[in-house]
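All chains, please: the whole structure from these sequences, using the hints.
2 protein chains.
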Amino acid sequence: MWGKRDDMVVHQVDPYNAEPPPRALAGEDTTAVDTFYSRNHGSVPEIDPDAWTLRVDGLVDRPATFGLDDLRRLFTEHTETATLQCAGNRRAGLIEVRDIPGEAPWGPAATATARWAGVRVADLLRHVGVHHDATDVAFTGADIATSPATGAPYGGSIPARKALMPEVLLAWSMNGEPLPAIHGAPVRVVAPGYIGARSVKWLERITVQEEPSDNFFQASTYRLLPPEVDPSSTGPGDGVALGLVAVNSDVLSPDDGAQVPAGPTTVTGYAFAGGDRTVVRVDVSTDDGQTWRQAELAAQLSPWAWRHWSATVEVPRGDVTVLARAWDSSAALQPERPEHVWNPKGYVNNSWARVHLHGV
Amino acid sequence: MWGKRDDMVVHQVDPYNAEPPPRALAGEDTTAVDTFYSRNHGSVPEIDPDAWTLRVDGLVDRPATFGLDDLRRLFTEHTETATLQCAGNRRAGLIEVRDIPGEAPWGPAATATARWAGVRVADLLRHVGVHHDATDVAFTGADIATSPATGAPYGGSIPARKALMPEVLLAWSMNGEPLPAIHGAPVRVVAPGYIGARSVKWLERITVQEEPSDNFFQASTYRLLPPEVDPSSTGPGDGVALGLVAVNSDVLSPDDGAQVPAGPTTVTGYAFAGGDRTVVRVDVSTDDGQTWRQAELAAQLSPWAWRHWSATVEVPRGDVTVLARAWDSSAALQPERPEHVWNPKGYVNNSWARVHLHGV
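Chains as they are written, first to last, in this note's numbering: chain L, 348 to 707; chain H, 348 to 707.
It cannot be assumed that every hint is accurate.
Per the computed footprint, the stretches of chain L lying under chain H, defined by three or more beta-carbons under 8 angstroms from a beta-carbon of chain H, are [what the hints assert, rightly or not]:
| no. | stretch |
| --- | --- |
| 1 | 592–604 |
| 2 | 618–625 |
| 3 | 672–679 |
| 4 | 693–702 |
Partner residues are not named here, just some residues of chain L that face chain H (Cβ under 8 angstroms, in silico) [to be verified]:
| no. | residue |
| --- | --- |
| 5 | 628 |
| 6 | 645 |
| 7 | 648 |
| 8 | 649 |
| 9 | 682 |
| 10 | 683 |
| 11 | 688 |
Sample of chain L residues with no beta-carbon within 12 angstroms of chain H, all distances over it, derived [stated by the list, open to error]:
| no. | residue |
| --- | --- |
| 12 | 360 |
| 13 | 401 |
| 14 | 416 |
| 15 | 419 |
| 16 | 420 |
| 17 | 557 |
| 18 | 571 |
| 19 | 573 |
| 20 | 608 |
| 21 | 610 |
What the hints contain is simulated information worked out from the structure, not anything from laboratory work.
By construction, the Cβ of each residue, glycine as well, lies at the ideal position given by its N, Cα and C atoms.
The following block contains the structure:
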């Protein structure tokens, strides 16, 4: 379905929501298009690229409408390697603490990395002229939300300060191939360092404004609620809007629960830090956090990409739990337990990674 | 001494290193100059403002030297409310876990907030023309380090991307008064969201370059080392350079160990998040983290400032521990215990705040 590999874990068929098995991401600097997770709130729009237009309006000097040819003619193409991470990534670990009804049990593979190519949002914004009082840049897609059924197009915003940075793209290409329909063709936003929800697919409109987006998916969901709140009783503005990504990591291989030969075993995973931060260290423990050793970190592909890591641990006969935890370039460390970060919508589980192995 | 209040906790006389009692910061949006912590590595230079010059060189089109009058004439004055936090803030909590020889036991008051006024580093850099390949902007002060005795001027760098942001100032004024000698007169850097060590005082030189500063205080110290390393055996580049500030918080009143009347007691503190992040929530617990309630947050003074918080807790007769923990706008939470973040130089203790009260 949608050109994805056969072993995708499909959380929902329409809207299509699916992630690969964690091991499919292991050791791969960039993620193949057929393996890249897909998170949607409506059916995939069918858009004729020749008829597609992008409207740019709001607090700009020269509101304008662009076709694909206009974007290609007016602006230089740039490529950026960037990781996208769904705010619901690793929700399954929170559901183990307490149920989260109505939300998909995403594992750690709602995180993936691609080489995106397209034009800079900054170049487009400078072309139309942004007013000095602008604080936010809102994006609206062509997809109509059915889950939940808002009946309105999907959208969201990022701060103008971010939108003017060179890494924020209107992407038409993914890993050197034309952007596929399931990932937002003909043009999507790629806002590195922000939750995937802000990288709006099937982009149709950019609005420069003085406040964050009031779209349902920013004002009423993708928000951190305190544990005691019933999410069905909340309204726009309750809790805290998510945006930047917090430092996170998980194990990709071996599988959680795997039997492995007793003795040295290589454990691999990824770590990711949002915003202007990068991953600087990953620690691994097999004695419940009493002692830690540093994992080997793979190269930093770009300031906006995850880092893979690996460590060889000694697996005894019987059960052992492998813990992993990442530090970002501010020396921020992941919090210890999912109980600490549990929230009613199940976002941003960035507690320490835990996999159980059985040595035989 | 140096115009500071009489009850400063003086960790060292020369270089002068001192912080106020925590309660002196409680509830004060900005910190009086006489209360603002002071962290130094050398004696305070005496600089004649009329003779002072600033050299700007490196990867720039037009290297230049500026006097104070030049800065005032060429550039617009801007004011920014910003919090500075020493990377050693709250080290005392790490020393309780394991001793950290040779490093001062800073409490939570190596954090303070002022209204800084001066010119934007970005305006100065645009005036001299920054090369496209520049990645870092290095600052050098007039102070010669004696603790440790490097015999060389103090310095450090920030990414060029940050230096070109409007909030980074060359400040000559603090809370509306001329910058005092102890805080870097006539001109210091204020780099909001970065560890205080990067806000170089007694500034004499700005160098635009292609790599981070190789100054001792960036290449060889102010680095996060793994717990097992002996810091006396390390060299330049070991561990990870600190830079951006991780989310943190502490209690400012009542004092740790205070006797208070049993019944409702108001606990107050601060929380701070570095970089582009702000504090969005603070939780307080009196049952060892089993349950939490949200503190009241004071207004966000600027994107670069701490937020004070307060909560009324029920203090029983006998001993009780009050825990506090902050969340930043990426939904990053402070890690639980100082044992988790302990490191050989004692930097970035951002574990949950803990104060012990005794109800009578």
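Results for each hint:
1. 592–604: Per the Cβ count (3), the hint holds.
2. 618–625: holds (count 4)
3. 672–679: holds (count 6)
4. 693–702: That given contact holds, which follows from 3 residues of the stretch 693–702 of chain L lying within Cβ reach (below 8 angstroms) of chain H.
5. 628: holds, 6 angstroms
6. 645: Result: violated, 16 angstroms to nearest chain H Cβ.
7. 648: violated, 17 angstroms
8. 649: violated, 14 angstroms
9. 682: holds, 5 angstroms
10. 683: holds, 5 angstroms
11. 688: holds, 6 angstroms
12. 360: At roughly 29 angstroms from the nearest Cβ of chain H, residue 360 of chain L sits farther out than 12 angstroms, so the non-interface label holds.
13. 401: About 27 angstroms separates residue 401 of chain L from the closest Cβ of chain H, which puts it past 12 angstroms; holds.
14. 416: Holds, since 29 angstroms exceeds 12 angstroms.
15. 419: holds, 24 angstroms
16. 420: holds, 24 angstroms
17. 557: It holds; residue 557 of chain L is separated from chain H by about 15 angstroms at its closest Cβ, greater than 12 angstroms.
18. 571: With a cut-off of 12 angstroms, residue 571 of chain L comes too close to chain H, as the shortest Cβ separation is near 5 angstroms.
19. 573: violated, 6 angstroms
20. 608: holds, 28 angstroms
21. 610: At about 24 angstroms from chain H, residue 610 of chain L clears the 12 angstroms cut-off, so the statement holds.
This entry does not satisfy hints 6, 7, 8, 18, 19, going by the numbered hints stated previously.
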